[in-house]
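> Each chain, letter by letter, is given below.
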Amino acid sequence: MNLPNTPRLDRRTALKWLLTATAAVAIADRRLFAAPGTATTPAGKGYGTDPALNKEYQPGELWPLTMTDAQRRTATALCAVIIPAEGTVPSAADLHVQDFIDEWISSPYPDQVNDRKTIIDGLAWIDEESRKRFGKDFASLEVKEAGVICDDICHLPDARPELKQGAKFFAKFRDLTTSGFYTTPEGMKDIGYVGNMPLPEFKGPPREVLAKLGLA
Amino acid sequence: MPVISPGEVKATYDVIVVGSGAAGGQTAYTLTMEGAKVLMLEAGRYYDPVTETPMFQTNGQAPLRGSGTPDKPFGFHDATVDGGWQVPGEPYTQSSDDPEKQFEWWRARMLGGRTNHWGRISLRNGPYDFKPRSRDGLGFDWPFGYDDIAPYYDKVEMLIGVYGNNDGFENTPDSPAGILQPPPAARASEQYAAKHMRALGVPVLAIHRAVLTQRQDPEILPKKIHPHNPKAQRVLAKAMSERAACFWATPCGRGCAIRANYQSTTVHLPPALGTGNLDIVANAMVREVTLDAKGRADGVVYIDKKTGTECRAKARVVVLAASGMETVRILLNSKSASFPQGLANSSGLVGRYIMDTVGASRSGQIPALEGLPPHNEDGAGGGHVYSPWWLYKEAEKLGFARGYHIEFGGGRGMPGMWTGAGLERFTRGSYGRKLKEDARRYFGTFMYYAGRGEMIPNEGSFCELDPVVKDKYGIPVLRFTWQWSEHELRQARHMETTFDAIIEAMGGKVLGKERKYSDRPGISKGGEIIHEVGGAIMGTDPRKSVTNQWCQTWDVPNLYLTDGAPFVGNADKNPTLTIMALAWRASDHILEEMKKGSL
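Protein chains in written order, with the working numbering: chain A, 1 to 216; chain B, 217 to 815.
Any given hint might turn out to be false.
[To be verified] Covered stretches of chain B, as calculated for chain A (at least 3 residues, CB under 8 Å): (1) 277-287; (2) 296-303; (3) 398-409; (4) 463-477; (5) 583-597.
No lab work stands behind these hints: they were computed from the structure.
Small disclaimer: the values here were computed from a predicted structure and weren't measured.
For every residue, glycine included, the Cβ atom is placed at its ideal position computed from N, Cα and C.
Same shape as in the complex, but just chain A:
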């Protein structure tokens, strides 16, 4: 969705966040991509009010990633289930969306700190659920087996009471996966976005579009 809203910061939240952030344990090394993390509280200060805007950033560049190897394995598997490879289009996992999700939950900002517990607890829960049902971790499941679990938690209103927490986690993880995937060049193309290129003129919608809308 590309809806305009005016993001606003509740100052009480901000104060709480500042306290948490400054109390957090510092993590020494900066990493890119699939380096192992320690799953401690996010450290770092964010990018400040005057970051360089016209450059490309990688997850892990501004604050350390914090997922453990085990969490990353599970997250990668779940990304691949939510957006699998299809034809020539890579999966969300192939496009390193798990690194973006790690960047998200490792960020020192309040919204992301809020999501952190949901994701970390959820990754542990889905592994536990896999072991309970199939005797192995989520990342080791066959596609069909993973589907059995995901079918049970993919729609919160339909989830059984004991699976509601799992369904809340799945909804958040799915939102992060689509956000990560559809902002890559491959994802933007797959969803049907055309643009971000200079044009000599703007002609408005093509005739076939207007015809479909009954406006031609």
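Following the hints, put chain B in place on chain A, whose structure we already have.
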């Protein structure tokens, strides 16, 4: 160097201009083009859109996929530097813990201020908007009328470049021929919406925005804008020839490296600097206006933020263009034996009658837009159409005074954070290949409707100095008190019901309709729309106003306020274009008075 250090500031200037945004930029432009020597003081850092704007960066290249954070509230790539609802070390306070009585203050500490990121919507106030009290007995009339300011709207539109049509619509003035640039074609969603809105009696016209859809003519426009001034024509022709037309990519809120849209830093300041008459000092936080023995302004005191030292600058005339509320703050902090309540405040009205725009919005999912063939809808980096207020004849029946315009849109913009998210209410929670199908199906099918309405000035909306709190420079800060009247609350409810009707007429599903109409309408908080004006209203009576119609303070004749502070009303039209027209008019007055020797 376009910017000088405090040590390089000359002994005296004709005019000091505090602020570099729409008001400061226009004031400095008009004065320097006519030969006045100007010192501009900007509280934020030097900023160059040509080298700093993230053109073509995708959200995938930004941290957190470009999401807004407390450091960058409008998203990572938003042009704002060192700004937002909170500026570190520069607090403001509220008189009440009740969120409905609070005012949120957006600031941008950077050269060009908020013109770098604004929406570029450039609507003229109409004749009714300058005489509202004469029409319905509420608020105040302005001390001049539309015809007095129309020539300045013409000049500003020619200078900055505004696209739009002349539609001859009530209280929505046309521009003379040869001024507006051609508007871009409406997008598919805009055209589909327009068809259904017109059927409901809601007009849809080309919006007016400060974006060049074609290059400005450097042979013709400078002669029209500056007749009898060959040097100004030459300087402006050069600046205009350095601006490109829009190339239909990259949102305007990031700023524009090719100078296709208006921002002070690409349109006002280059020609002003080109005259050789402008010095700019950045990181200069103005604390107060100083007076000479005769009680006339003779300069300002500012803090050099780089070193923390206190500096002084001198001039014949001082112009505050710091943004309405910051201008009020400087006046209230300029206390002396002759002005114990703050400068130019013998009326006691400095800080009174602050206004924002009434905002309410709805969004919906429109099934008719599903499955459209992919096509480029980036367009001019903002809306192409809008609805002006259309119910002037029905004011009696509505239960509230004044009106609003509608900004709306949707379409297939560049994916960002939350693209493809939250679809489960339509998809029953699909994942895997089905989710990809659904994401394609729903992409570009969401539309938003935002009302932007007039607020009537009231006694319960004001700011004053906090008796205790100071910023990190030791300068007392503002404390706000806010109140909407029944007019604004009813207007917001009218917006919501209208938008629901429009979305449903398109066959769409309104999102977030669960909230009942018996609840308080979803009106914006004071300040949230970032159209704050007032605080030093103009008028005809020195006892009931702070400035005259020339933005000249009654108490101190060589002190002018050229930002939104002298506004006595806040029509639904976004205030920036009117701020620029007023600043140009005030600057002409300064030039005339200087020529006459009275300043």
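> Taking each numbered hint in turn, which are not upheld by the structure, reported in ascending numerical order?
none
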